[in-house]
Each structure stands twice: as structure tokens, then as C-alpha cells.
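Enquirer: Chain by chain, the residues:
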Amino acid sequence: MPGNKFLATADVAAWLGELSKTMRVFAPRNEGQAVVYREFDAAKGLELRRKPTESAKHALFPRSEELLSFSYLRPAFGAPEKEGETPSDVSQVQVKMPVEPMPTVVFGMLGCDAGSVTTFDPIYDGSKFKDVYYLKKRQATVFIVRACAEVLSTCFCNWVGGDPANTKNADVLATELSDGWLLQPVTERGEKALTSPLLKDAPAASEGQATAIHDNARKSLGDAPNLEGIDAALFSLFADNDFWQRQSAGCLACGTCTYLCPTCHCFSITDETSARNGVRLRSWDTCMASLYTLEASGHNPRSLKAARLRNRVGHKFAYFLRNNDGQISCCGCGRCIKSCPSSVDIRQIVKDALVQAASIAPPPPPQPVAPAAASPKPAAPVKGKGRTKEKANG
Amino acid sequence: MADIAKIPVYSPDMANPYMPYVATLKEVIRETHNIMTFRVVLDDAEAMKNFRHEPGQVGQLSVYGVGEATFVINSPPTRREFIQFSVMRAGEVTSALHKLKVGDKVGVRAPLGNHFDYNAMKGKNILFVGGGIGMAPLRTLLLYMFDNRDDYGKISLLYGARSPEDMAFSYEIEEWRKTKNTDVVLTIDREAEGWKERVGLIPNVLLEMNPSPKDTVAITCGPPIMIKFTLQALDKLKFQPEQIFTTLERRMKCGIGICGRCNIGDKYVCVDGPVFSYAELRGMVDEL
Ligand SMILES: Cc1cc2nc3c(=O)[nH]c(=O)nc-3n(C[C@H](O)[C@H](O)[C@H](O)COP(=O)(O)OP(=O)(O)OC[C@H]3O[C@@H](n4cnc5c(N)ncnc54)[C@H](O)[C@@H]3O)c2cc1C
Ligand code: SF4
Ligand code: SF4
Ligand code: FES
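These protein sequence lines map, in sequence, to chains A and B.
The letter at position 281 of the first sequence is residue 281 when you use our numbering, and the numbering goes up by one with no holes.
The letter at position 239 of the second sequence is residue 239 when you use our numbering, and the numbering goes up by one with no holes.
Treat the hints as calculated values from the structure; they're not laboratory data.
Just so it is clear, CB atoms sit at the ideal spot from N, CA and C, and this is done for glycine as well.
Take the hints with a grain of salt, since some may be wrong.
[Unchecked claim] Cβ-to-Cβ under 8 Å is the rule here; a few derived chain A residues that face chain B: (1) G126; (2) F129; (3) H265; (4) C266; (5) F267; (6) G278; (7) L281; (8) C287; (9) L294; (10) A296; (11) S297; (12) R322; (13) N323.
Input sequences plus hints: build the corresponding full structure.
Expert: The following block contains the structure:
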């Protein structure tokens with residue numbers, strides 16, 4: 001293919017260094033036991049063999065990000081200067097949006113992670129609301145995807161439409177050959193990123209070598225089970241508390257699975273102030289935490305970890321599909337399996353769900369909201385942060 | 001992908017749905033010991049002139065430096081001199097709001113969410129059942145119907161609170177009563193001195209009222225437990241799920257279907273709701 005480039009192993013760091021002059025470059029490196037995506041720093045090296053512990057989603061969706069900032073001309077809320085003063089006088093406050101994002105390159109992103117962007121786009125680029133913070137970064141980011149030569153026992157991208165050499169959402173596909181990298185542009189943007197004198201025209205044979213590597217990785221993934229009907233199966237098992245209690249028995253509600261997951265997109269919005277200045281932040285959040293859904297009345301629709309695991313699995317393998325033309329919102333990266341402290345395995349849950357749902361045909365109708373029993377009575381007071389609510393008449 | 005170049009970043013409207021309008025508190029009403037009503041006007045006169053909402057829609061109110069929270073817009077679209085929110089003290093943002101005074105500034109992101117289908121209710125009798133702060137969304141629709149009184153049949157309102165002191169909007173109930181072809185039944189949980197209206201929990205009083213489901217739409221809102229038992233009572237009274245509407249509360253953050261906070265299965269209360277028919281609820285996963 002014209003446009004294919006070759007980067008010698010010895011030149012990788014030099015090329016990333018060159019890119020760093022004009023762009024923000026995220027690349028994987030070792031930090032302690034973990035492999036993480038950080039801004040490239042030649043002194044801290046690269047890790048292009050071990051698979052990254054975390055995904056690269058923070059390039060588009062930072063852990064914590066400023067939505068807006070404000071500065072009061074006198075001390076901000078909560079710190080009035082005079083007795084009885086309400087310091088919320090925003091006419092004396094300036095509200096500002098953060099600046100435009102830096103052009104960015106993510107080098108060495110995995111194919112599964114690039115695939116996961118397909119599940120982010122319809123959320124942030126909704127039909128009614130556009131998330132400009134995400135969209136601006138998305139537009140300014142080039143993905144250089146690294147094909148996997150080896151797969152881990154936790155990898156299952158092929159179950160969910162992925163591929164070790166996935167080019168969906170990729171701008172460049174990079175494959176490591178014996179003495180360097182074959183860089184195959186996928187998009188025009190990718191082609192433009194490959195202009196350095198360090199990059200030579202790729203030898204004719206390299207494409208065949210890369211394909212052999214891709215095929216080998218594909219083969220080692222083994223056969224994928226047929227997940228057709230998984231959404232219907234999960235809906236039909238919604239009220240099967242035994243099933244969900246069994247699956248979640250070991251869960252610690254630590255949230256690791258969600259923070260490492262490239263398709264988890266939930267966030268919280270909070271304000272922080274110090275003296276006269278403040279910011280409104282959005283930060284990653286986890287639906288595995290019980291406080292996530294706690295309401296002002298003390299009522300909590302997902303107080304049990306079984307309900308929370310059901311929501312995480314349900315979101316990825318049922319709910320998202322209903323809203324997005326059957327797209328599964330798990331890219332099969334296996335991180336939640338690999339890093340879970342209690343070995344909760346989403347593959348097993350999905351397989352068990354198919355078996356369990358098949359064993360209870362026909363599926364039960366959706367549960368009515370109001371239980372058929374009992375005459376109206378006030379609920380037992382629920383304690384939450386010292387506030388006791390949930391009375392019958394509010 | 002959207003044509004990002006066309007989205008202006010710095011404008012406080014849907015182009016950046018996280019950016020609130022700045023608004024001024026024009027009037028503050030103390031309703032009960034823990035509920036206050038705020039009447040706000042957007043500072044941008046043009047935006048205020050163009051502001052349109054539907055009964056049932058909500059807004060995010062923010063106190064810069066404390067945070068944002070979701071409240072129903074409880075003034076009807078037929079009365080547009082201000083936008084009204086009634087706020088029950090529950091935590092940080094609501095407590096901060098309660099400290100504000102006339103002239104203070106807040107942020108407003110509105111209108112958000114779906115709304116009551118008041119056109120489909122035309123010609124029908126309307127039964128409102130509201131508990132506590134749940135009266136807020138009902139008030140919007142009630143006043144909208146009062147302002148279009150001839151479009152609707154008989155309007156009945158059952159409104160309950162814990163005690164007489166907990167009853168918001170008490171100063172306007174007499175006026176509601178005087179509106180033609182309108183019945184108002186008030187109830188409190190326990191006997192109280194000087195109380196001349198009903199005593200008892202809302203679902204029980206509703207059963208005593210024994211409203212006919214014929215050509216009637218029932219709309220209920222209140223704490224989750226009240227909604228649950230009210231739905232049972234309506235079921236006993238032979239109301240069909242398609243005749244019953246409610247608004248749901250769920251913890252919310254973004255209010256625009258992105259942050260993932262408010263889902264009930266594949267539905268998001270912030271964009272698919274907060275208004276749902278009981279028939280819709282029955283088709284959803286049982287996670288209220
Ligand atoms: C669609 C909708 C409409 C609403 N309309 C009204 C209204 O008209 N008037 C009114 O007084 N309240 C209304 N609420 C509830 C209101 O949003 C919460 O009481 C408020 O967000 C609490 O904010 P806080 O910062 O004071 O509480 P926090 O300090 O954040 O928390 C206090 C408690 O409230 C819970 N909580 C936080 N946010 C919410 C939330 N959005 N919903 C439920 N519980 C929450 C917390 O888990 C905690 O238990 C509505 C909620 C929704 C979802
Ligand atoms: S990583 Fe494992 S233990 Fe932690 S919340 Fe996820 S499933 Fe539960
Ligand atoms: S659910 Fe697990 S396997 Fe699927 S994308 Fe998320 S972390 Fe990867
Ligand atoms: S509140 Fe964010 S998705 Fe509904």
C-alpha cells in the first residue's frame with residue numbers, strides 16, 4: 001500500500017519526541033506494576049509489549065475535568081465577609097469556559113480500546129445534546145492503534161465484534177515486526193501524522209508479515225460464543241435475584257472494574273471553591289458504589305451490590321443495545337476480569353445468563369411496579385446521613 | 001459526528017448544555033419549615049423572552065461554588081413573567097439555595113426532560129394526587145389547565161402533607177377551590193389542632209373518595225413510597241395503566257442523558273422522563 005511507513009525500533013522514542021513538540025502525546029509506560037498511558041517522556045521509557053492496565057479513555061474523557069470556572073470579586077459562597085451576607089452575587093462573578101483542547105496523539109492504543117470509542121460517540125454526540133468538551137477532544141485526537149501480537153487469557157474482543165488488529169476509529173494501525181513498526185494509515189488524518197523523516201517507506205513484504213501476525217493473534221483468541229439474544233436474556237433475568245446474588249457474591253464494590261473499563265462513561269459533577277475562585281468539575285464515577293443512586297428521601301433503588309452488578313452487566317449487554325441499534329458496549333478488553341480483586345468475570349456472567357434464560361422459557365412478563373400485596377401503610381423510617389424521610393405524605 | 005466547528009463553546013444555551021444561564025431571584029417565598037419557592041428571571045432579557053417550557057419539565061439550579069440540583073419548573077408556560085422552582089431542603093445545594101435572598105444570582109439550565117401530554121388529556125376529567133413536594137410538578141399542569149379551563153372536564157385534586165405546616169402553596173389553595181368545576185381534597189397524616197379537612201394517608205383517602213375511572217386521567221407525584229401505594233389504590237379503583245401518569249425522581253447530575261446517573265434499565269429519567277405513564281413503567285425494568 002502506498003502511504004505505509006516503517007519506523008525502526010531504535011527510532012520510536014525519537015519520533016514520539018518529535019511529535020511531542022507540537023502535540024500532546026500519550027503513550028504507555030510502566031509505573032510500578034501497572035502499565036499506564038501518560039504524556040510521553042523519553043526518560044521514563046515506553047512499554048509496548050505488556051498490555052496497558054488502564055485504557056486510554058482519559059485522552060477524551062479525563063479523570064477529572066473543568067466544565068467551567070468562576071471567580072468572585074469577594075469571597076465565594078460559604079465564606080461571607082460580613083454577618084448575614086449572602087455571597088452568591090454572581091453579578092460580581094465571572095463564569096468562564098476552559099480553553100480549547102491540545103492536538104493529541106495516542107500512540108500504542110489497543111484495538112479493543114479504539115473499538116470502545118464507538119460506544120462513546122453516540123453518548124457524547126447525542127441527537128439533542130452535544131458534549132463539546134468531549135467532541136472537541138475527539139476531533140483533536142489521532143489514534144495510533146497497536147495490533148496485538150499476543151492475546152491474554154482474559155481477552156475476548158472477538159466475542160463482541162472486535163479484532164486484535166481492529167482499525168475501527170483508528171487513524172493509523174501499527175504492527176511490530178522483527179526490527180521495527182509497520183505504520184499503516186487508516187484515515188487522512190493518520191496519513192498526515194506520518195510525515196517525519198524518521199519514517200521510511202515500508203518495504204513491500206512488510207504488509208504480508210503484519211497480516212500473518214494479525215491472523216496468528218486472531219487464531220489464538222479461539223472461538224467466540226454466539227451472544228445473540230443476550231439483551232433479551234438479561235431483561236428476562238432482571239428479577240432473578242438468586243442469579244444476581246450468586247454472580248455478585250464476591251464483589252467488594254471497589255469500582256475498579258468501572259474505572260479501568262474503556263466503555264464506562266459515567267461521571268459526577270461537583271463544585272470546588274477556595275476563597276474567591278472555584279471550578280465546576282466532572283469526574284469519573286462508579287455505578288458499583290451504593291451512594292451513586294441514593295436519593296434525598298433516603299430511598300436507594302440500587303442499595304444491593306447484586307442490583308449494581310446487574311446494572312453494570314445490563315448496561316453493557318442489554319440496555320445500551322436497545323438504544324444503539326444492537327451495539328454491545330463492552331469491547332472485550334478483559335480489564336475488569338484481570339484486575340477485579342474477587343475474580344468477577346463478566347464473560348462467565350454473560351454465558352451463565354444465556355443458559356439461565358434459556359432454562360426458564362417463556363420469559364416472565366415485566367414486573368408491575370406496585371406489588372400486589374398489603375394495604376397502604378407508612379414505610380419504616382429510613383436512615384440516611386441523619387435525615388429521616390420517606391414518609392407516606394412527604 | 002457533529003460538525004464541531006459550528007458549535008460555539010462560549011454560549012450559555014444548548015450549544016454547551018453544561019453552561020447555565022445566569023438568573024436573578026425576584027421573589028422568595030417560605031412555604032414550610034423546609035420548602036422555599038424561588039421566582040427567577042434570566043438576566044439575558046432575550047433569553048428570558050424566548051424561554052419556553054412545558055408542564056412537567058425540570059431545570060438544574062446552581063449556586064456557583066456549591067453545585068447543581070434538579071427541580072421541577074412549577075410555574076405554568078401560560079404565566080411567563082418568572083420561572084418558579086420550589087425547593088425542599090435535603091442537602092448541600094438545597095441548603096445553600098435556602099440561604100439566598102431576593103436579588104441574589106443563581107445558574108439555571110432549563111428546560112430539560114419530557115412533559116405531560118396535556119393535549120391528549122383534553123376533554124377528560126383530571127384527577128391529581130400529590131404528596132408533599134410532589135405537588136410541585138402537579139401545580140404546573142394544574143395551573144396550565146386552569147388557564148385553559150374549558151379544554152378539560154372536572155378537575156379533582158387530592159393533596160396530602162404530613163401536617164398543616166408541611167403544606168406548600170397553602171396560600172393559593174382557596175383560589176384553586178374557587179376555579180370552576182374543581183374539587184380540592186386536603187389531607188394530613190395525623191389529627192392536628194384547627195384542621196378541618198381530611199386526616200389519613202393519601203392512598204386511603206383516595207379509596208374513600210372513590211373517583212370513577214371513566215374518561216379520567218390520574219396524575220400522581222410524591223415520595224416513592226406514596227407513589228407505590230397510590231398506584232395500588234388506583235389499580236383497585238379500576239384505573240387502567242394507560243390512564244395513570246407519574247413523575248419519577250432519580251438522582252441526577254447532567255440532566256441531558258450523558259452522565260449515566262439516572263437510568264432505569266435502558267431508560268434515562270432525565271431525557272426519557274421524568275413523566276411516565278404507568279403503562280410505560282410496567283414495560284420497564286422494576287428498579288424504582
Ligand atoms: C426530575 C426531578 C425533579 C425534582 N424536583 C424537585 C422539586 O421540584 N423540588 C424539590 O425540592 N426537589 C426536587 N427534586 C429532588 C432534588 O433534586 C434533590 O433533593 C436535590 O438534588 C438534593 O440536592 P442537595 O445538593 O441539596 O443534596 P445532596 O447534598 O447532594 O444530597 C442530600 C441527599 O439527597 C440525595 N440526592 C442528591 N441529588 C438528588 C436527586 N437529584 N434526586 C434525589 N435525591 C438526590 C443524596 O443522595 C443525599 O441523600 C427533583 C429530583 C428529580 C430527579
Ligand atoms: S472490580 Fe470486582 S470487586 Fe470491584 S466493583 Fe468491580 S466486580 Fe466488584
Ligand atoms: S466490561 Fe470489562 S471487558 Fe468489557 S470493555 Fe469494560 S473492562 Fe473491558
Ligand atoms: S442525569 Fe445524567 S444521564 Fe440522566
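Enquirer: All the hints need checking, so say for each whether the structure fits it.
Expert: We went through each hint and held it up to the structure:
no. : hint : result
1   : G126 : holds, 6 Å
2   : F129 : holds, 4 Å
3   : H265 : holds, 6 Å
4   : C266 : holds, 4 Å
5   : F267 : holds, 5 Å
6   : G278 : holds, 5 Å
7   : L281 : violated, 10 Å
8   : C287 : holds, 7 Å
9   : L294 : holds, 7 Å
10  : A296 : holds, 4 Å
11  : S297 : holds, 5 Å
12  : R322 : holds, 4 Å
13  : N323 : holds, 6 Å
In the structure shown, a violation is registered for the earlier hint numbered 7 alone.
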